[in-house]
Amino acid sequence: VNSRVEIVGTNASDRGRSCNKHQICGGIVKEGTVIRLALVSLVIDGVEEPAIEAVDVEGGCRVGFGRRHLIKHGVAYNGAICRVTEVLSKDSTSPTMRQLYTKTRVALSL
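Per our numbering, the very first residue in the sequence shown carries number -8; after that it's consecutive.
Some hints here could point you the wrong way.
Label-pair distances were calculated between CB atoms; the ranges are [stated by the list, open to error]:
1) G18 to A67: 26 to 32 Å
2) K12 to K63: 31 to 37 Å
3) V66 to R(-5): 28 to 34 Å
4) K63 to V38: 15 to 21 Å
5) R74 to E40: 26 to 32 Å
6) E39 to R(-5): 15 to 21 Å
7) G23 to R58: 27 to 33 Å
8) R59 to V25: 19 to 25 Å
9) S4 to I72: 30 to 36 Å
10) G51 to E22: 19 to 25 Å
11) N11 to A67: 28 to 34 Å
12) A67 to G37: 25 to 31 Å
13) H64 to V25: 33 to 39 Å
14) V38 to R58: 27 to 33 Å
Once the Cα atoms are required to be at most 20 Å apart in a straight line, the calculated DMTMM-like pairs of lysine to aspartate or glutamate come out as [stated by the list, open to error]:
15) K63 to E(-3)
16) K21 to D47
17) K63 to E39
18) K21 to E77
19) K21 to E49
20) K12 to D47
21) K63 to E40
22) K12 to E39
23) K21 to D36
None of these hints come from the bench; they were simulated from the model.
Please read all numbers here as calculations on a predicted model, not as lab measurements.
Ideal Cβ positions, reconstructed from N, Cα and C, are used throughout, including at glycine.
Please build the complete structure, drawing on both the sequences and the hints.
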């Protein structure tokens, strides 16, 4: 798959995004980080839902999730290896990116 994928929730610690090494596993994501995408099922408010998790290849930590619109393409992304090309945050130099991503760091991967 040769596309850009947004990974959201990298600054949250719920739904398996923390471990005994990191309070927030998504905090380890930076440009160049290699991640693997995987189709998984999560239980949210008692209901099982499909999701695409993003896992740091080096440490095995769940660092975030693909946006919900990607779930319909989950089979194509399942097992895909990606490299983070940009991490956006409220501290981004672009005013537009600061407005769009005030609460969630987003890693764009290729």
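Of the hints stated earlier, which fail here?
3, 6, 7, 9, 13, 14, 22, 23
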